[in-house]
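Student: The primary structure of each chain is shown beneath.
Number of protein chains: 2
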Amino acid sequence: MSENYQTLLQKVYEIHDIGKAMAVLGWDKETNMPKAGTEARIQQLTTLRRLNHAMFTSDEMGELIEKAAADLQDAPYDSNEAGLIRLLQRNYKEARLLPAEFVRRVSEVSGKAHPAWVEARENNDFAHFQPHLAEVVKLVQEMAELYGYEDEKYDPLLDQFEHGMKTAEVRAIFNAVKEELIPLRRAIDERGATLEDSIVHQPFPIDKQKKFARYIADAVGYDFSRGHLGTVVHPFATSFSRNDARITTRWYPDFLNPSLFGTLHESGHAIYEQGTHPDLARTPLARGTSSGIHESQSRMIENIVGRSLSFWQAHYPKLQSLFPEQLGNHDVVAFYKAINKVQPSFIRVEADELTYNFHIILRFELEQAMLNGDLAIADLPTAWNDKMQELLGVVPKTDSEGCLQDVHWSRPMFGYFPTYALGNLYAAQFYETAVSQNPTIAEEMAQGKTTALVAWLGENIHQYGRKFTPAELVQKATGSPLTHESFMRYVTQKFSQIYEL
Amino acid sequence: MSENYQTLLQKVYEIHDIGKAMAVLGWDKETNMPKAGTEARIQQLTTLRRLNHAMFTSDEMGELIEKAAADLQDAPYDSNEAGLIRLLQRNYKEARLLPAEFVRRVSEVSGKAHPAWVEARENNDFAHFQPHLAEVVKLVQEMAELYGYEDEKYDPLLDQFEHGMKTAEVRAIFNAVKEELIPLRRAIDERGATLEDSIVHQPFPIDKQKKFARYIADAVGYDFSRGHLGTVVHPFATSFSRNDARITTRWYPDFLNPSLFGTLHESGHAIYEQGTHPDLARTPLARGTSSGIHESQSRMIENIVGRSLSFWQAHYPKLQSLFPEQLGNHDVVAFYKAINKVQPSFIRVEADELTYNFHIILRFELEQAMLNGDLAIADLPTAWNDKMQELLGVVPKTDSEGCLQDVHWSRPMFGYFPTYALGNLYAAQFYETAVSQNPTIAEEMAQGKTTALVAWLGENIHQYGRKFTPAELVQKATGSPLTHESFMRYVTQKFSQIYEL
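In order, the protein sequences belong to chains A and B.
Counting in the working numbering, the first sequence runs from 1 upward without gaps.
Counting in the working numbering, the second sequence runs from 1 upward without gaps.
A hint or two may mislead.
Computed footprint of chain A on chain B; a stretch qualifies when at least three of its residues, placed anywhere within it, have a C-beta under 8 angstroms from a C-beta of chain A [to be verified]: (1) 75 to 85; (2) 165 to 172; (3) 216 to 227; (4) 239 to 245; (5) 447 to 459.
When the alpha-carbon atoms are kept at most 30 angstroms apart in a straight line, the in silico DSBU-like pairs for lysine-lysine are as follows [said to hold, decoys possible]: (6) K210(A) - K449(B); (7) K337(B) - K449(B); (8) K208(A) - K208(B); (9) K35(B) - K210(A); (10) K208(B) - K29(A).
Okay, the calculated beta carbon distance ranges per label pair [stated by the list, open to error]: (11) E3(B) - R105(A): 58 to 68 angstroms; (12) R250(B) - P253(A): 24 to 34 angstroms; (13) R250(A) - R250(B): 54 to 64 angstroms; (14) E101(B) - V407(A): 44 to 54 angstroms; (15) D279(B) - N123(A): 32 to 42 angstroms; (16) K35(A) - Q463(B): 21 to 31 angstroms.
Simulated from the structure, these hints should not be mistaken for laboratory data.
Note that CB positions come from ideal geometry on N, CA and C, so glycine has one too.
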């Protein structure tokens, strides 16, 4: 083994350790830290970030990566060594493309835009946020130029979260989704059948919700011996190693879905991290390869598994036994329908499995329009409402329920939104392939078990961590590039049955 | 303000941030981390420790400290600037005195000695631990030489934990304690009255213990808005800033004392950290000045406050209301006696307030004997039992309950033990002074309140952090050096009354 590569590895390990220490500090901040501790915690995180950045972007690091790359030029493409070199070269190049002055301005602009957004949303006052959003858009425009692009300005922004995917590709897929999903949504609407979901809106004691969350996370394959469940306001998953991948949940005293599907969602993310190969440990390869592929794992567990009838046929009795008063008189089909109610609505994070994608497509289109200067910031509220009408058939009464609802645009995070919907599409394609390759998966699913499914995901996705791009991984795992077809087959079949279309 | 000092401060802040990040990782390790996460966590801590050490011990740092010291040579002794320079000079000198090779050997020896100790204690097999203890003793002997000393070899070891205090001074005080405390213990013994403590040994549901722990920590002045209570196996307090000082507790389902007095003890530590002056933030001055002074704060809250009759006259009704079945038929005096039962026993951490000091004196004397080569390691068990007979009048049946009970000697931590007993003595002297200076303290204490007491401690001890040595602080706060007299007055009065001597 190359001595340069060994030296490089030692540095990579230390940089990784600092990054993971930051993740622990971040997790603690959201789960346990008293609010008063914020100032000191931000200082601690800032110091670690500075060190981490200084160590990774040094000239010495760049030379070491290139020396190791030269030594390993004959390493097979799919070897861990070649994968690590590729990723380090990409990350190093990107980290050096943003001047310190620009990074400083990102902090400054976000630092002001975020509280302004909070206030604007609270007071339904878009005008208050507008100048800050204009600054954010300026930043992402500059960022696109700094990173550079061949085809579209949105490409380098998307590339940060979904490496190698082009805007044109996403557009083609989203247009295909629109073309088929709008008629399906209309058909459901015209069917005129409103599903009853009042049973999930009852008082559910939180200690029992916690008990069931642990039960259900374990049931889908989250390994508690290498994890931990914390309580937060905005749920997320995080990992400090494959042997310590954590999930978080919030608990509503009178609404069951957030803890139930939030836990399943974060479990899907964490199972991915728990499944990365041990040989990738302490390197940037030891994590999910992209935001979209990560989301495919969480959405598969949350929706394809966690909102299926067979899953609840197996686990609903346990839920009933914990909540006999609330659920004792409602059978599993009633529960299944309650958790699958389709209802066009204003808020993305509360959207059902079918209409969720429209919320994303809307944002994807508006982000590009703002980025390219085709949409004046002042016109965003109107454009938002027009698109809501087109895609969802409903229009919010306030901007707080409209273009002010998401945190993302208070930071220069353009390019992230599409990965949420890509996750749904990846998930359906992976699942369809998995079931076709291994009949045991469907047999187990009929009993509410996911052992074979998680094993297939581990073998075909999780173990590789970040070694392959999303496109490479999808091709490798499913034999074809990403399309919208599996997803459309899945939702069409599922909701045609539920709504008796 | 000196430019050198400003530059120094920036470096000190960053080094401090890394140290506190390590503290967060350590806290999480004990409270939330799954056991499987250990390997990665150790790697993360090792990397941060290496960075922290490299940054602090660099030649550049040494020069900067000296330049700033020269600029500030006229700063008043009790200014923050002079205090910080003094502490940095001391820490820098000490950090450079231990060669990297020695530090590596400390890790290596401890790494082997610790599991050997665990095994030896489990199997009551001193011979298994003996060669490792011999290695540890060799290390502390070398450490003493590396640090250097004028009078006794034990001095530099003690100095790490109780800066400025000499072995001879501790010996004189401990001998004075022995001279008066042994007769008191014998008098209690001869009185023949055994207190009944079965009421604290009943089933106490843990969720209610947790509730009461929060209540009682709040009652003694621990500020939950700047803290957090976690669950662990071995309780400790830690702080990441004065605005985030945490406590931990363990819960026994059928024994009330550990959660009760453990919580009070750790609250005392955390109140100290919460009380350091904001101007000391992000510097090594922002913590308790020594192990002994820190222990004085925890023992004062745990014992002088938390095992007093007036305190429970105020708070026992609350405890009874939570545990009506267990405590409803027992009055506060019965409870007071149960938590103050004096009973010579084998295990230090379970010892009562009076006999606890004997356990420390024993270890203090044996540590010196081993260090100075006056006691062969093989003879430790016999020497231990002889001292137990002399000081406590009881002899353990096994080495597991004897010389193998503490973790400290599996690491080169000689010099730490005496600070436990010094804490008891400091506590009594501080408390006696506080009450004599401010009558409100006693009035409040009669109602179970500690506001005035905590304010006195804040004013006279907490705010200074590490700016003064223990000796300076005691002189400043009480007008005289540490003596055993306040402590002897306190225990003599308290236990004469309880045991009707």
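Student: Now tell me, hint by hint, if it's right for this structure.
Tutor: Hint check results:
Given as covered by chain A, the region 75 to 85 of chain B fails the check, having 0 residues with a CB less than 8 angstroms from a CB of that chain where 3 are the minimum. Note: the region 165 to 172 of chain B has 0 residues with beta-carbon separation from chain A under 8 angstroms; the three-residue rule is not met and the coverage is violated. With 4 residues bearing a CB less than 8 angstroms from a CB of chain A, the region 216 to 227 of chain B meets the requirement of three and the coverage assertion stands. Given as covered by chain A, the region 239 to 245 of chain B passes the check, having 4 residues with a CB less than 8 angstroms from a CB of that chain where 3 are the minimum.
Using a Cβ-Cβ cut-off of 8 angstroms, 0 residues of the region 447 to 459 of chain B lie near chain A, which falls short of the minimum of three, so the contact claim is violated. This hinted pair does not check out: K210(A) and K449(B) have alpha carbons roughly 37 angstroms apart, beyond 30 angstroms. Annotation: proposed proximity of K337(B) to K449(B) holds, straight-line Cα distance about 21 angstroms (limit 30 angstroms). For a cut-off of 30 angstroms, the pair hint linking K208(A) to K208(B) stands: about 17 angstroms separates their Cα positions.
Between K35(B) and K210(A) the alpha-carbon distance is near 21 angstroms, which keeps this suggested pair within the 30 angstroms criterion. Restraint check for K208(B) and K29(A): satisfied, since their Cα atoms lie roughly 27 angstroms apart, inside the 30 angstroms limit. Taken as a hint, the range 58 to 68 angstroms is violated for the pair E3(B) and R105(A), whose Cβ atoms sit roughly 27 angstroms apart. For the pair R250(B) and P253(A), the supplied restraint of 24 to 34 angstroms holds, since their beta-carbon distance comes to about 30 angstroms.
Checked against the hint of 54 to 64 angstroms, the pair R250(A) and R250(B) fails, with Cβ atoms roughly 28 angstroms apart. For E101(B) paired with V407(A), a C-beta distance near 51 angstroms keeps the hint of 44 to 54 angstroms intact. Range check, D279(B) to N123(A): Cβ separation about 38 angstroms, and the 32 to 42 angstroms hint holds. Checked against the given bound of 21 to 31 angstroms, the beta carbons of K35(A) and Q463(B), roughly 23 angstroms apart, stay inside it.
Checked against the numbered hints given earlier, this structure breaks hints 1, 2, 5, 6, 11, 13; the rest are met.
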